[in-house]
Amino acid sequence: MRSDGRASRWLRLAAFGGLAFLHVPLLIIVLYAFTTEDKTYQFPPPGLTLHWFEVAWSRADIREALWLSLQVAASATAAALVLGTMAAAAMARARFFGREAVTLAMILPIALPGIVTGIALLSAIKLAEVEPSFWTIVTGHATFCVVVVYNNALARFRRIPRSLIEASMDLGADGFQTFRYVVLPQLATALLAGGMLAFALSFDEIIVTTFTAGHERTLPIWFMNELFRPRDRPVTNVVAVAVILVTAVPILLAYRATRDDADAGGRNG
Amino acid sequence: MEFVRVSRRYGSVHAIEELSFRVADGEFFSMLGPSGSGKTTTLRLIAGFEQPSTGSILIHGREAAGVPPYERDVNTVFQDYALFPHMNVADNVAYGLMVKKVARAERLRQAEAMLELVKLGGFGRRRPGELSGGQRQRVALARALINHPRVLLLDEPLGALDLKLREAMQSELKALQRRLGITFIFVTHDQGEALSMSDRVAVFRHGRIEQIDTPRGLYEAPATAFVATFVGTSNVVEGGVAERLLGRAGAFSIRPERIAVSTPEAAPAADAVALDGRVVDIQYLGAHSRFEVEVAGSGRLTALVPSYGAPAAPLPGVGAPARLSWPRAAMHVLDGGEGA
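Protein chains in written order, with the UniProt record's numbering: chain A, 1 to 269; chain B, 1 to 340.
I should point out that these hints are in silico values taken from the structure, not numbers from a laboratory. Model, not experiment: these values are computed from the prediction. There's no promise every hint is true.
[As the list claims (entries may be wrong)] Some, not all, of what chain A presents toward chain B, calculated at C-beta under 10 Å:
#: 1; residue: 158
#: 2; residue: 161
#: 3; residue: 165
#: 4; residue: 166
#: 5; residue: 168
#: 6; residue: 169
#: 7; residue: 170
#: 8; residue: 177
#: 9; residue: 185
#: 10; residue: 186
#: 11; residue: 188
#: 12; residue: 214
#: 13; residue: 215
Think of the CB as a built atom: it goes at the ideal place given N, C-alpha and C, for glycine as much as any other residue.
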């Protein structure tokens, strides 16, 4: 039993080491958002201040980039919710020749390297003679956001017993009413989780965005530019803290939504 | 409700084949058969979840093929109950009224009345997940009845309940059906259930109906060897022994409780036939003892001997020679020779 105890102690140490390796840099980013020193990453920081939050908030370029990113993420998520749900609804029940190929084609955008998707979209945009703009960014993001929603919705569709849908029709509900009163409430937490993940993915996406953005600057692109032209370093950290909050919170909520769902079988509506 | 030469095929497989029957208004009609015999497909055709490949289904004289489930005056109690997990009991029961846009207060009042009918008054605010199997069963029943269908379809609704509860629900369902006066079409693989509740029973096998009759008719005059053995237990005697006893080629069935067991010395009654064999096993069942008797040329026959009021003549023990006898009239000649 002694050797077991030691092994588990080593294991625990390794686990904590791994977690520290992942999270300490994040803590440093957060810490330097409050430092009074604005040129170097001096440790420990000579003093703490909230000054940089004020500076960041007053800068129009940051506000515009943040606003653009939020709009892009919201639009891409909305498109993904509609398209992903419809695709999942079609695929959940259907059996047809080439079904597996269609499934692969649905999943592929998230498996492909972003740089390939980016180049492909850029050439498509050029071919179609469309000016890169807000909507080209949204389209680019939707390619992988759809996958996230689709996967979540498909898993849930498969768990809805067919007899529930039949019972609804049997009691006099047409297809639309059945979707509205039975299917949608069953899907709700899955869509919420998929939507929040999609939102977080879109919000910090940079590779595909670089190719499709044109002159628009989303927050991640603003970041990249800022690293090459440093000005008020702590301001970058302040924005990083904001990004962490905007992406981490939805992901945590999404996790909670699907976890509760596994316990209680979808208590909503 | 009438089926006219209805078939349903999946690819090359016939789920049901050339089915024709008629169910009268207000009848308690059971469809009995082993799994895969086509009884559930038949129910789904009536509900409208499936469409016939050929033939015609008439519901109250109106052609039902092509009519979607939500336009049929027929409701279903599902095998898994299919209660909506995200709604409470009252909203589940009121669902049929909600989709018809009945005002909320009115539909909840009717739902409560329905819950009273199935003895679940006051359960409206609970979630389906908080109910026992028997209670969910009643909710499913209340929900199916709220639209006042003229035909209620029940798909093995008692299958998931334990024995005591199942027996209680059987008599309750029967009472409910008498009270409402609507047609019940009941699918089951349990022959006891079918016999105890039904006005008539259709016995399904391989997508066809072997026999439609009253429970008594099925039991006393089974048309085929399959019906004889599927409905209750029965001895089917074929071959040379049957030919000798019937005086012609064929097969007959004889119920175990009609067979008298005695030692070979006992003289059979005047109008009785007798077979001699050897007792292989005796099982004491309380009210009866079951004798398994090996008869040369016809295999093993089962006889039920009442424990009380039995004849004073001594009974053979295990391994002893025995004489089986029964009144000639108790033999029932079967159509066709195909065994079950």
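Verification of the hints:
1. Given the 10 Å rule on beta carbons, the hint for residue 158(A) is violated: about 16 Å separates it from the nearest Cβ of chain B.
2. About 7 Å separates the beta-carbon of residue 161(A) from the nearest beta-carbon of chain B, less than 10 Å, and the hint is met.
3. For residue 165(A), the interface hint holds, the least distance from its beta-carbon to any beta-carbon of chain B being 9 Å, beneath 10 Å.
4. Because the beta carbon of residue 166(A) sits about 5 Å from the nearest beta carbon in chain B, less than 10 Å, this interface hint is met.
5. Interface hint status for residue 168(A): upheld, as the beta-carbon distance to the closest one in chain B is roughly 7 Å, under 10 Å.
6. Proximity of residue 169(A) to chain B holds as hinted, the smallest CB-CB distance being about 4 Å (cut-off 10 Å).
7. Hint on residue 170(A) holds. Least Cβ distance to chain B is approximately 5 Å, under the 10 Å limit.
8. Restraint check, residue 177(A) versus chain B: the minimum CB separation of about 5 Å is within 10 Å; hint holds.
9. A distance limit of 10 Å between C-beta atoms decides the matter here; for residue 185(A) the minimum to chain B is near 4 Å, and the interface restraint holds.
10. The beta carbon of residue 186(A) comes within 7 Å of a beta carbon in chain B, closer than 10 Å, and the hint placing it at the interface holds.
11. Taking 10 Å as the C-beta contact cut-off toward chain B, the hint placing residue 188(A) at the interface holds, the least distance being around 8 Å.
12. Taking 10 Å as the C-beta contact cut-off toward chain B, the hint placing residue 214(A) at the interface is violated, the least distance being around 45 Å.
13. Taken as an interface hint, residue 215(A) does not check out: its beta carbon lies about 47 Å from the nearest beta carbon of chain B, beyond 10 Å.
Violated hints, listed in ascending order, are 1, 12, 13; each of the other numbered hints is respected by the structure.
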